[in-house]
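Asks: Now for the letters of each chain:
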Amino acid sequence: DAGVIQSPRHEVTEMGQEVTLRCKPISGHNSLFWYRQTMMRGLELLIYFNNNVPIDDSGMPEDRFSAKMPNASFSTLKIQPSEPRDSAVYFCASSSNPTGPNSPLHFGNGTRLTVT
Amino acid sequence: GQNIDQPTEMTATEGAIVQINCTYQTSGFNGLFWYQQHAGEAPTFLSYNVLDGLEEKGRFSSFLSRSKGYSYLLLKELQMKDSASYLCAGYNFNKFYFGSGTKLNVKP
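Protein sequence lines, in the order shown, are assigned to chains H and U.
Numbering follows this note's numbering, in which position 46 of the first sequence is assigned residue number 46; successive positions increment by one, without gaps.
Numbering follows this note's numbering, in which position 67 of the second sequence is assigned residue number 67; successive positions increment by one, without gaps.
These are computed hints drawn from the structure, not numbers from a lab.
Be aware that one or more of the hints could be misleading.
Selected chain H positions facing chain U (Cβ under 10 Å, derived; list incomplete) [as the list claims (entries may be wrong)]:
no.: 1; residue: V4
no.: 2; residue: Q6
no.: 3; residue: Y48
no.: 4; residue: N52
no.: 5; residue: V89
no.: 6; residue: F107
no.: 7; residue: G110
Part of the chain H face toward chain U, derived, beta carbon under 7 Å [what the hints assert, rightly or not]:
no.: 8; residue: T38
no.: 9; residue: L43
no.: 10; residue: P84
no.: 11; residue: A88
no.: 12; residue: L105
Derived DEER-like restraints, expressed as beta-carbon distance ranges [what the hints assert, rightly or not]:
no.: 13; chain 1: U; residue 1: G53; chain 2: H; residue 2: R22; range: 17 to 25 Å
no.: 14; chain 1: H; residue 1: N52; chain 2: U; residue 2: K107; range: 41 to 49 Å
no.: 15; chain 1: U; residue 1: P108; chain 2: H; residue 2: K68; range: 45 to 53 Å
no.: 16; chain 1: U; residue 1: P108; chain 2: H; residue 2: N51; range: 44 to 52 Å
no.: 17; chain 1: U; residue 1: S65; chain 2: H; residue 2: V53; range: 32 to 40 Å
no.: 18; chain 1: H; residue 1: N51; chain 2: U; residue 2: N30; range: 16 to 24 Å
no.: 19; chain 1: U; residue 1: G53; chain 2: H; residue 2: S96; range: 30 to 38 Å
no.: 20; chain 1: U; residue 1: E77; chain 2: H; residue 2: I55; range: 27 to 35 Å
no.: 21; chain 1: U; residue 1: G53; chain 2: H; residue 2: M15; range: 47 to 55 Å
no.: 22; chain 1: U; residue 1: P108; chain 2: H; residue 2: I55; range: 22 to 30 Å
no.: 23; chain 1: U; residue 1: A16; chain 2: H; residue 2: A72; range: 41 to 49 Å
no.: 24; chain 1: H; residue 1: S66; chain 2: U; residue 2: F45; range: 39 to 47 Å
no.: 25; chain 1: U; residue 1: E9; chain 2: H; residue 2: R112; range: 35 to 43 Å
no.: 26; chain 1: U; residue 1: P7; chain 2: H; residue 2: N51; range: 36 to 44 Å
For each residue, glycine too, the CB sits at the ideal point set by N, CA and C.
Same shape as in the complex, but just chain U (with noise of 0.2 Å):
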C-alpha cells in the first residue's frame, strides 16, 4: 500500500524554523512532494525529491530519505501566510498519493 503518515497539527512561532515529517511505505515511491494549501484554496507544489538528500528553495528545504521511508520540509523564518496545510505526496507511475496534511499555525 502507498500510507503516508504525517503529523496533523503543528505550532510555531513568527521567524523561527519548523520542521514538518512525512513518513511511508518504502515499496513503490519513485518520488517525494510537498504541497502547500491554504484555507479554502488549491493545493500549490511547493517542492520534490527523487533522490536521497536535501533540496534548498529559498525558505524552504524537503529532505528524502528513500530507504527509511522518511521525508520533512523544513521552513525557516516563518512567516504568518505561512499558516497553511503541508501535504506529503508520494509519487509512482503517474499518480500521487497524498497524505492527510499538517496544518501548520504561526503566531506572532
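One chain only, chain H, in its complex shape (with noise of 0.2 Å):
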C-alpha cells in the first residue's frame, strides 16, 4: 500500500517567494495533519483537517502560512511570503479516524525546505 505521499521531497527558494508543499494522505484516512520539525522546536503541529475540514490552525505560526484540502485525497500547505526562519522539514501525515491508539499517525517522508 502506498504511504503518505509529499511532494517536492527538496526545496530551495528565495526569501519573499510563495512556497506550496503538497500532501496525498493514506486512502482511507479521514485525518491529515501538517507538521514543522527543526532541530530548536522538535516536532510542531500546524494545522490539522478530519473530512476535509479545518479543525484546529492554533499551531500555524502567522498569516504567511495557510493550509487547504479541496478533497480527500490532497492537501497543500502554503507559505506566502517566505522567509528565513520558515526552513524546516514539513511532514504530512494522516490517520484514520478516530485519530489514536488503534489508529496512529502514518507520516509522509517531508519536504526539507530552505529559504535563503
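With the hints in hand, could you dock these two chains into one complex?
Replies: Structure below.
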C-alpha cells in the first residue's frame, strides 16, 4: 500500500517567494496533519483536518501560512511570502478517524524547505 | 500545557538494554505514544500505552504511569540499526504533542 506521499522532497527558495507543499494522505484516512520539525523546536503541529475540514489551526505561526484540503486525497500548505526562519522539514501525516491508540499517525517522508 | 520532556541524547552498546524516559504534565493526555525517527527520515510508529503498565512488542517495551506523568521505552538486545531518535508523544482529542526526542547512539 502507498503511504503518505509528499512533494517536493526538497525545496530551496529565496526570501519573499511563495512556497507550496503538497500531500496525498493514505487512502481511507479521514484525518490529515501538517507538522514542522526543527532542531530547536522539535515536531510542532501546525494544523489538522478531519474529513477535509480544518479543525485546529492554532499552531499556524502567522498569516503567511495557509493550508487547504480541497478533497480527501490532497492537501497543500502554502507560505507566502517565505522567510529564512521558515526553513525546516515539513511533515504531513494521516490517520483513520478517530486518531488514537488503534489509529496512530502515519507520516510522509517530509519536505525539506530552505529559504535563503 | 502539554510540556513533554526527554533526555536529549543517550549512548549505549550493541547487545545491551537501554531505557529512554519521558515525563509530561499529567493533565489532559489520553495516551502516550513512541515513535522512531532515523536521520533524514519520517517518524514511524513503535508503540502506545493507554493504561498504566508495561506493553511488550518484541525487543521494544513501553511503560506508562499516568498518575506520575511518566513513561519509558525499553530497547533490548540493541542493534546498530537502533541508532535513531525516539520521540515520545502525548495524545489528546485527536492531536499528538511530541517531545523533542532522544537521540540514541548505539556503539559496537
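Asks: Hint validation: G110 (chain H) versus chain U, beta carbon distance must be below 10 Å. Holds or violated?
Replies: Given a least distance of 6 Å, the restraint on G110 (chain H) holds.
Asks: Taking 27 to 35 Å as the stated bounds, is the beta-carbon spacing between E77 (chain U) and I55 (chain H) within them?
Replies: Cβ of E77 (chain U) to Cβ of I55 (chain H): about 41 Å, so the range 27 to 35 Å is violated.
Asks: Under the criterion of a CB-CB separation shorter than 7 Å, is P84 (chain H) in contact with chain U as hinted?
Replies: Violated: closest Cβ of chain U sits about 21 Å from P84 (chain H), beyond 7 Å.
Asks: May I ask you to test the interface hint for A88 (chain H) with respect to chain U, counting a Cβ-Cβ separation under 7 Å as satisfied?
Replies: violated (14 Å)
Asks: Taking the beta carbons of P108 (chain U) and K68 (chain H), is their distance inside 45 to 53 Å?
Replies: holds (49 Å)
Asks: Range first: 22 to 30 Å. Now tell me if the beta carbons of P108 (chain U) and I55 (chain H) are that far apart.
Replies: violated (47 Å)
Asks: Is the distance from the Cβ of G53 (chain U) to the Cβ of M15 (chain H) consistent with 47 to 55 Å?
Replies: holds (51 Å)
Asks: Please verify that hint: F107 (chain H), Cβ, nearest Cβ of chain U, below 10 Å or not.
Replies: holds (4 Å)
Asks: Does the Cβ distance between G53 (chain U) and S96 (chain H) fall inside 30 to 38 Å?
Replies: violated (25 Å)
Asks: Can we keep the L105 (chain H) interface hint, with Cβ of chain U closer than 7 Å?
Replies: Result: holds, 6 Å to nearest chain U Cβ.
Asks: Hold the hint about V89 (chain H) up to the distance rule: shortest CB distance to chain U must be less than 10 Å.
Replies: This hint holds: V89 (chain H) lies near chain U, its Cβ roughly 9 Å from the closest one there, short of 10 Å.
Asks: Hint check: is the beta carbon of L43 (chain H) less than 7 Å from a beta carbon of chain U?
Replies: Holds, because the Cβ-Cβ distance from L43 (chain H) to chain U comes to roughly 4 Å (cut-off 7 Å).
Checked against the numbered hints listed earlier, the structure breaks hints 4, 8, 10, 11, 13, 19, 20, 22, 24, 25; every other hint is satisfied.
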